[in-house]
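> On the provided structure of chain E, position chain F as indicated by the hints.
Number of protein chains: 2
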Amino acid sequence: MRMLGRHMVSGLQRHASRTLAGTGVKNQTTLASPDLKVESLVPGEPSGPRMVTDSIPGPVSQSRLKDLNQIQPSQSIQLFLDYDRSLGNYIVDVDGNQLLDVYTQISSMPLGYNHPNLLKLLDDPSIVKAFINRPALGAFPGADWPERLSNSLMAVAPPGLKTITTMACGSCSNENAYKQIFMWYRSKQRGHDNFSQEELDSCMINQEPGSPQLSLLSFHGAFHGRTMGCLTTTHSKAIHKLDVPAMDWPIARFPLYKYPLEEHTRENQEEDRKCLEEVEDLIHQYNAKGMPVAGIVIEPIQAEGGDNHGSNEFFQQLQAIAKRNGAAFLIDEVQTGGGPTGKYWCHEHFDLPEAPDIVTFSKKMLTGGYYMKDEFRPSHGYRIYNTWMGEPSKIIVLEEVIKVVKRDNLLENTKNVGEILMQGIHALEDKYPQHINSTRGKGTFIAFNGKDPATRDKIVGNLKAAGIHSGGCGEQAVRLRPALIFQPHHAEIFLDKLETVLGQL
Amino acid sequence: MRMLGRHMVSGLQRHASRTLAGTGVKNQTTLASPDLKVESLVPGEPSGPRMVTDSIPGPVSQSRLKDLNQIQPSQSIQLFLDYDRSLGNYIVDVDGNQLLDVYTQISSMPLGYNHPNLLKLLDDPSIVKAFINRPALGAFPGADWPERLSNSLMAVAPPGLKTITTMACGSCSNENAYKQIFMWYRSKQRGHDNFSQEELDSCMINQEPGSPQLSLLSFHGAFHGRTMGCLTTTHSKAIHKLDVPAMDWPIARFPLYKYPLEEHTRENQEEDRKCLEEVEDLIHQYNAKGMPVAGIVIEPIQAEGGDNHGSNEFFQQLQAIAKRNGAAFLIDEVQTGGGPTGKYWCHEHFDLPEAPDIVTFSKKMLTGGYYMKDEFRPSHGYRIYNTWMGEPSKIIVLEEVIKVVKRDNLLENTKNVGEILMQGIHALEDKYPQHINSTRGKGTFIAFNGKDPATRDKIVGNLKAAGIHSGGCGEQAVRLRPALIFQPHHAEIFLDKLETVLGQL
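Quick note, the sequences are listed as chains E and F, same order. Using my numbering, read the first sequence as starting at 852 and increasing by one per residue. Using my numbering, read the second sequence as starting at 852 and increasing by one per residue.
For reference, chain E alone in the conformation it holds in the complex (with noise of 0.2 angstroms):
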């Protein structure tokens, strides 16, 4: 294993003069762990970032631009990457780039880059098998699926949660946990699933009773995904709604708190009342209209939508005002799941007195699904179902995903670089409050706000430029969503670009 150049340790010290320099309200003991890793934990990763081009993209990402813009509408393309060259954290894109990746594909990978256990993997013939036979998943399952469940998504389930269903994306994992969602309620108040004649012709063209008017009840600034149904609970930004129609289902407020946190108990625990508020309020209303609220769908932190979190106490009442309306709580784990807040589930961090209903999942999981507890699997076959249901294959990289996790001790890893991160944050912001502020998250799982949508604009491009990956969520957030073995080291040389960007604003 390489170890840590001059380079590093000279921005370890740099960052433990400037935490020193901070509010006092920092503590140092995290660079003083002996947990403290200074080996990277992928072997032959680079020692930090190197641009190589004036400007980014460079020449030949804006010639690919050019011929993929004749086939495919690319005005989201950001940068060609050479995923062979790329490692570990760091990402090299195809003007030979090299980044530091804080953003790391949406957040979608757990491990970073060609790391050596997944590349292994593929040594093995029948997984090699298995790249290329994908199955019907919820007709004929391969001989091993039973157990690499089991050893894979069962093993890292939510406490509580004991039945699984895959899918192949997240926003399939949310349109089948509302359908989920629907059909419990449904039974709920039919008291059992003996289908109606009625209810069997009137689905089929759309009408009631087969097809109910039933609603889920959804936050502003919600991210739940782009097909019609996410759509209709998705709040984040008009551009990904726009034109398409929608569902009038109840939008409640997500709680937007004042930062930092210590300061402003008061104000937001009073946010937090009127939003449980307007939830209830929005459940009777539409209940009362003839659109009972079957479901409460949330992010446990709303990422797209900017980074808000919400607190313990405000979830904790959320579920109770499920349970006491006998709709179903439904957390979507998306983006918040696999580790990256410190633990598997971000929704472990609330002391919820029980499990939620549906957790569903995508991203760093591989695979899209979702878990639900017991009452919610469905009394008939194919009521939902598909012809993949998700794929083996991924399975097998996450079953191998979590053995790392487990050995490597990452969400351990996770929560200690978080503090690092946070801390070196929370420092700059007090150094540069003109620039940025409401440092927010949890684990590596952290957000902050440029004084503006132009300021964060341009402190994630100047990043870019400087060879940190990051992005940006919400209307002026800069978003971290760095992989599981983002280290300490790591997080000295974001903090570094940062200051450096900061400094120069």
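You may find that some hints are simply not true.
If chains are identical, the list can't say which one is meant, so a pair holds when it fits in one copy or spans any two.
Straight line, CA to CA, 30 angstroms or less: simulated DSBU-like cross-link-like pairs of lysine-lysine [as the list claims (entries may be wrong)]:
| # | residue 1 | residue 2 |
| --- | --- | --- |
| 1 | 917 | 1257 |
| 2 | 1309 | 1088 |
| 3 | 1254 | 1194 |
| 4 | 1039 | 1309 |
| 5 | 1174 | 971 |
| 6 | 971 | 1257 |
| 7 | 1257 | 1125 |
| 8 | 917 | 980 |
| 9 | 1109 | 1266 |
| 10 | 1039 | 917 |
| 11 | 1254 | 1302 |
| 12 | 1109 | 1194 |
| 13 | 1174 | 1013 |
| 14 | 971 | 1309 |
| 15 | 917 | 1254 |
| 16 | 1224 | 1140 |
| 17 | 1257 | 1140 |
| 18 | 1257 | 980 |
| 19 | 1254 | 971 |
| 20 | 1282 | 1109 |
| 21 | 1266 | 1254 |
| 22 | 1140 | 1254 |
Simulated from the structure, these hints should not be mistaken for laboratory data. On a predicted model such as this, the values are computed, not experimentally measured, just so you know.
Relative to the frame of chain E, chain F by itself:
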């Protein structure tokens, strides 16, 4: 390569004599064709089915099912397969039964199982890396993405369609194509895409004008997927739709023909006329009630709904109606695309005066996605987007599939073997008119009806017990969805077993 054994040859002879004993309308040139291959396109393929358990599913499948059901709702599971031992057109289940597969994971295995060319792909380290480094394709594609797309999806693009969007599955393909239609329609209505503040604000709360009242016209019996937008246009089976809210969109009758076609020309033309009339009526009706029809979505053959075919004239006139009414014309080739009809795209059979506006695909194409006319390109980035937008490793495998299809003339093979199947099933229909009827198909995309649902179920079940894995669709159809490597000698085995099953009913 293995030569056909005696069993095969005698099978071919039996088929020839059965064909001759038929109605006389079939000819036997296909059998005499010099193209008739008697060597398997996949070396080492078994010479025929081999059943080793008394009933199917056997005891090992049943025991696995018990395990799986502990953690996953499993009512739809039919068999557990040993994908390592499956080869070419043959599946092997966990009990050691070896079946000829004419269903191929619901029509999604273009080259069957463990095709040597696909296995060989994994020898390339750069391709191995593509399996574990999944990019966010809409933002950070790999260096080779434009070229890979050109060599795969664009190499077999439907004539007239030059723009592609990739997606992960069939449902996501349709959902996003639907959104693309709504955006296109509103853009035309507005005359520009400078969105007003009112549009931007109202869409965030699912209200007009930002979330407009628009509809898509679909057909009774259609299947376009199970996410909530798709499900609104799906009308094949109640169990798929029941209890899920749906939008009030127009549904027209899809032609249901009498077979044999040549004996019912007049009635079937009348059927076309009535269905087309209803389409136009519904468009006017929905336009008048303030929910304009932005598009018509249709399968070229209604697959899940029972393999219902429409005439070329029906599709030509339907396209004309769409055009006349300013509605987009979307052909959903999720099940028909990729070669099974003897052309890459089923709609190529229809002699349409111009390309459809959008063609969606998945299954045999290995990746989901859609082709579209350039005028459907979104005017802004991030309007059609998600984290993964498909997957490069699928495109790599598809590129190889397309090479093999070309090298081995698999479209021609499919056309030829489809004729053999059609002739053979027609002959059996003549022999057993009390059991089966209405044989129909294009290429090997073939179905016939059992005289009632129970007979159909019996035929599918008895075929399975005899070592043929087929599927049902609609109320009473048996459907064939073999791979593109399904050859005359496989057809012969199928016909042989089908004859036995029908003779014993």
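> Among the hints numbered above, which are violated by the structure, and what are their numbers in rising order?
4, 5, 7, 11, 14, 17, 22
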